[in-house]
Amino acid sequence: MMQLAVRPAPLLNVDNLVVEYGLGNKTVHAVSGVSLQVARGETLGLVGESGCGKSTLGRAVLQLRRAKSGRVMFDGEDLTAMEGEALRRMRRRVQLIFQDPIASLNPRRRIGDIVAEPLIIAGLKDAAERKRRVHEVLSAVGLDPDLVANRLPHEFSGGQCQRICIARSLVLNPEFIVCDEPVSALDVSIRAQILNLLEEMKARFGLTLLFIAHDLAVVKAVSDRVAVMYLGRLCEVGPSEQLFARPAHPYTALLLQAIPVPDPDVRPAESVAAGEPPSPIAPPSGCRFRTRCPRADQRCSAEIPELREVAPGQFAACHHPLA
Amino acid sequence: MSAPLLSIEDVAVELPTPRGNLRAVDHVDLSLQAGRTLGIVGESGCGKTMLSRAVLQLLPKKAKLTGRVMFDGEDLVRLEPESLRRLRGRDLAVVFQDPMTSLNPVLTIGTQLMETIQEHLELDAPAAKARSIELLAAVGIPAPEQRLAQYPHQCSGGMRQRIAIAIALSCEPKLLIADEPTTALDVTIQAQILDLLAREQRRRHMAMIIITHDLGVVAGRADEVAVMYAGRVVERAPTQALFKRMHMPYTEALLAAIPKLETAPHTPLPAISGRPPDPTRPLKGCSFAPRCHYATGRCHEAKPVLTSAEMRGHLYACFHPIRMTEGIGA
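Those protein sequence lines, which keep their order, are chains A and B.
Here our numbering is used: the first residue of the first sequence is 14, the next is one more, and so on.
Here our numbering is used: the first residue of the second sequence is 87, the next is one more, and so on.
Keep in mind that the hints are not guaranteed to be accurate.
To spell it out: a stretch of chain A is covered by chain B in this simulated footprint if at least three of its residues, at any positions, have a beta carbon under 8 Å from a beta carbon of chain B; those stretches are [what the hints assert, rightly or not]:
#	segment
1	157-164
2	224-232
3	252-262
4	267-277
To be clear, the hints were calculated from the coordinates, so they are not data collected in a lab.
For clarity, every value in this text was computed on a predicted model and none was experimentally measured.
C-beta atoms are modelled at their ideal positions from N, C-alpha and C, and glycine is treated no differently.
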């Protein structure tokens, strides 16, 4: 492929990543050869239904789950080849926010200590400096440090706990954050607050985000580009606006159709989504979506579709992409 | 108009907690005609599930319930336990959010289906089995006969919810209460389950209450929607009217806070600041006033009651209703 302009190297470059789990004597094919790039300052949204491997991919990026093969390059360094102290040092630059904010905070520890913990692990011995950093990030996420630092997690609502988790992820000044379903456990009115906060924090701290979620509208709200995942493989990647306006992969189109729209004039399309995802223990041959796809034919079961550029910047892995 | 099938009259539910009495449902009136669908929408803690438990008479033991729940001519609150038991599962059925915990993990699907059928209908075992197979086929389960011998853990989440729906439909209920029936499911499966509920409802001319936190779920599927906030119904209207011309600022804010597919990325969402009030400390005024753009001194002093809008069947509880005159704010 001809490269017309010299583009800066991506901050994160995932290359042909394969992650498998053992389950008895069977193998769960969680991530099967995924490649993606995230540019510095970009938010890449990763969507898919439960079991599609999106969380596993997020964890494999951080090396919380080791890949069977493939590489994860972060800022030019291969994380998959790193171990021990080198990996620990690298992890200061990459952080993770989980779905359940209450479960991800130790119920017996005070908020100030929870947020300071990464600093202690990183070896910051100056207590006054630690306190200053904790105050800074708690204020940044909209909490009053003097009021919250000495309190315990159960004294806070889900939305506030997620603010605390975000503060903790920011305290080491990371460059890259994996957000794994950060608003799925929150109510609508709180969800909007947290999404806005993530956007503010991204701008203020110059972050790059991998934003994993099952809700397409939530993903679109914060993402520059979106990757759609199905049963361990990427179906489609492209600029958010373009991907949602003109999906090329039938699975992307199906997901878009299935979303209930809060407008009574939009009649729900009857039974757009036939069938259920097959098991990742025995994924279908060829295209993994073919068992539910209205366009599938012989070729789809014989040949694995590769990601191909279908429109500028938009890639789809489909033998029969939508026009 | 004929008498409603269900009429919830001045129902209040209080739960004792270590921090004092929690007012979960705060004097709610609602009614539903046979064959119609009512959506009850609200965020967690707004009392929507407690209200449905009050209808089913499945409240926690310590809960204090006042008011009347008239169902098909009888007050469920005052019904003998034996009569209530005969009613529940037959005329009054429920589908819960989590199909893993609502099905018994140690009984086969066939046993669970046939148990309900034989409890309420006078059918012998072969007839009950035949009916079970018929029901599983109706809710879209392939190879229903083989499924009867399986256990819930052998089915996917979507399949389990179909089975729970089959059990709920087994005795041709007059009213089906679906409490967040698709919240635990993926979006493509959610669409299938909502389609299934709508189809079976039409076919059986059954009334349905869909309880959800997702305005999108009720938009295309309910005839009427009630919005709850802090234990009260704050707005109630035919679905079209509620979405097109809501009068309650909370409804407007809730709808605005949902990320929309047609909005460009990185557009700040109109979030609702703050959070719902502590239900153990009742507010003197409107419970939404602390978070409301339109609130004035009066809103903090007195509680607005549900008032009729100019349109029949549209009620709102607000001193400063929005979009009241044609052409304004539309």
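Against the structure, the hints come out as follows:
1. 157-164: Check failed, 0 qualifying residues.
2. 224-232: With 5 residues in contact (Cβ-Cβ under 8 Å with chain B), the coverage given for the segment 224-232 of chain A holds.
3. 252-262: Holds, because 3 residues of the segment 252-262 of chain A bring their Cβ atoms closer than 8 Å to Cβ atoms of chain B.
4. 267-277: Coverage by chain B holds here, the residue count being 11 at a Cβ distance below 8 Å.
Against the hints set out earlier in the document, a violation occurs for number 1 only.
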